[in-house]
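Peer 1: Taken in sequence, the protein lines are chains A and E.
Those letters in the first sequence? Residues 420 to 677, per my numbering, in order.
Those letters in the second sequence? Residues 607 to 931, per my numbering, in order.
Keep in mind that a hint or two might mislead.
[What the hints assert, rightly or not] Simulated pairs of lysine-lysine, BS3-like, Cα-Cα distance not exceeding 27 Å: (1) A/Lys641 with A/Lys486; (2) A/Lys421 with A/Lys616; (3) E/Lys896 with A/Lys658; (4) A/Lys674 with E/Lys929; (5) A/Lys610 with A/Lys486; (6) A/Lys674 with E/Lys896; (7) A/Lys675 with A/Lys486; (8) E/Lys929 with A/Lys656; (9) A/Lys421 with A/Lys617; (10) A/Lys452 with A/Lys617; (11) A/Lys658 with A/Lys674; (12) A/Lys641 with A/Lys656; (13) A/Lys675 with E/Lys929; (14) A/Lys486 with A/Lys617; (15) A/Lys452 with A/Lys623; (16) A/Lys656 with E/Lys896; (17) A/Lys469 with A/Lys610; (18) A/Lys616 with A/Lys452.
Calculated directly from the structure, the hints in this document are not laboratory data.
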Amino acid sequence: MKIAVCAKEVPDTTAEKRIDPDTGRLDRESGDKMLNEFDKYAVEQAIRLKEAGAAEEVVLVSMGPAKATDSLRQGLAMGADGLLLVSDDGLAGSDYLGTARALAKALEDVGAELVLFGAESTDGRGGVMAAAVGELMQRVWVTSANTLAVEGGNATVDRQTDEGVDTVTFALPAVVSVTKAINEPRYPSLKGIMGAKKKPQEVKGAGDLGIEGAGEAGAGTKVLGIETPPPRETGVKVKDEGDGAQQILDFLIEKKIL
Amino acid sequence: MPGILVVAEHRNGKYRRVSLEVLSKARELAGPLGGSLSAVVTGSGVADAAAELGAYGAETVYVADDAALGNGLAAPHVDVIAPLIEQQSPSAVLIGATAMGKDLAAALAVRLGVGLNADATDLSADGGALMASKPIFGGQNIVQCGWSGDLALALVRPNSFPAEQSGGSASVETLPVSISERAGAVAVTASKPTDEGVISLEEASIIVSGGRGLGAPEHFAVVEALAAELGAAVGASRAAVDAGWYPHPHQVGQTGKTVSPNLYIACGISGAIQHKVGMQTSDVIIAVNKDEEAPIFGFSDFGVVGDLFEVVPQLQQLVAERKAG
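Given the sequences, and given the hints that come with them, work out the whole structure.
Peer 2: Structure follows, in structure tokens:
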């Protein structure tokens, strides 16, 4: 069985971000980049399934600028076997739907029985990609997996809902998104890091994969404007002289919260 | 039917508050957008609750009540709601951004081939068209989003609007239920509900959060006690979650959840960017930290430099006394 893990390069979460005022898009050129932290849990789970003998191959699938391979290589260093990056100037400005269409085509190209996603990306924050791609591929999709076991073409998942945890079972092929509760992602070993560069890293364009309805032209949403509200003002700061709690209470009463 | 359709979520015998918030806001927008306001509720044992949405402004409530819609999975609901949207062709479909709501919206966007704007915190009617405002990077920028097609599909963040009744009444229409083989292919074999009294982070109007300053997992009891007194949800910083002190679903921040409660109380949290972007859209932020240089004081409305193990229990006591009158 082959597992595809959808992964994304995102801006460094420890740094301030900026929007390009001309395009209204995230300025992806400036600043450090990293592999989306949520995706590491999906990569880790795929590698564990491979180590347990439930899968033979783990392939990363991503869409982004050609340079994104730098960040995605971390997934290869963790233990994924190869990478397919969809990169095309014509895909810039894709919205959720366009991104899902592009990923679905790339995933068809890869042909994995199991497709894994992280819960969301730290920049887009929609948390909608797994369901969208599953729906496009006309596959069973299951979101928010706290656990994922695969045996004999069937999967069992404990999925986190807003009401609790449900155990669900289903037959593959399927698309599954995982939560941060599923595992503790490994740090790449030195050997893994050294070996990552030699692993297959394919870059394909929209035409190569027959991607349609993506990019700015295919977007169902549009940016009308961007505002930069004034930063939150620094409020009152007091040193606790034994009445700190009372002062908080007074403040909350004054703000009509209590 | 130009107009707005609100997808309402009814679980465990009641509506999710965000559904009522969205419906209340939609009532205000339906006129300027030139149409009526309807709602749809799908689930198991929801038929009797359908008419309740009239009190929040829905003129028509579509209801599908079937055991196949009661297992917590979104896919079967898509099979019922997508045909309704195609048949009624509303100009906007609004959904609360719950776990179920996100799945529904994602699948509906694909099924209907329409653009989805997620994480809206404000909605307005701009020259007869819907506009959604979406904070990015934790509110550092606000993006105004529109749609290029005829149908505007949006996910709305909880706590964006008040839920207010208008005292109307709705006509109720029953929808046919036909679930595809694919949507029915996932079987729920066991279900473990969250402990009673645990409040969901995204929907909480008050959150009390703990961080590295707590020093040890058992010290979260201090945070939990204040949260219980305030009827608040418990949050945790990345440092606390990564240390294994508190479970992942409680993490607030860039690699956790983004929250916008009316009140956020940060206890022993330094306020790194990673945390800030997950909570700085809260209405009021209170911080207690012994380090007077902690960044959290830079974006708190009221900060106390002090020992949280003294201040937080004292605050809990004061709140209790106030409640007792």
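Peer 1: Would you mind marking each hint as holding or not holding in the structure?
Peer 2: Right, here's what the structure says about each hint:
1. A/Lys641 with A/Lys486: 26 Å, holds
2. A/Lys421 with A/Lys616: Measuring from Cα to Cα gives roughly 21 Å; hence the hint holds.
3. E/Lys896 with A/Lys658: Within the cut-off at roughly 9 Å; holds.
4. A/Lys674 with E/Lys929: Satisfied, since the Cα-Cα distance of roughly 17 Å is no more than 27 Å.
5. A/Lys610 with A/Lys486: 23 Å, holds
6. A/Lys674 with E/Lys896: Distance of about 24 Å is within 27 Å: holds.
7. A/Lys675 with A/Lys486: 51 Å, violated
8. E/Lys929 with A/Lys656: Roughly 26 Å between the alpha carbons, so the hint for E/Lys929 and A/Lys656 holds.
9. A/Lys421 with A/Lys617: Since the Cα atoms of A/Lys421 and A/Lys617 sit roughly 20 Å apart, the hinted pair holds (cutoff 27 Å).
10. A/Lys452 with A/Lys617: 21 Å, holds
11. A/Lys658 with A/Lys674: 20 Å, holds
12. A/Lys641 with A/Lys656: Distance of about 41 Å is beyond 27 Å: violated.
13. A/Lys675 with E/Lys929: Distance ~14 Å between A/Lys675 and E/Lys929 Cα, so the pair holds.
14. A/Lys486 with A/Lys617: Holds - the C-alpha atoms of A/Lys617 and A/Lys486 are around 16 Å apart, at most 27 Å.
15. A/Lys452 with A/Lys623: Measuring from Cα to Cα gives roughly 21 Å; hence the hint holds.
16. A/Lys656 with E/Lys896: OK: A/Lys656 and E/Lys896 at ~12 Å, within 27 Å.
17. A/Lys469 with A/Lys610: 18 Å, holds
18. A/Lys616 with A/Lys452: 18 Å, holds
In summary, the structure is inconsistent with hints 7, 12 from the numbered list given earlier, while agreeing with the others.
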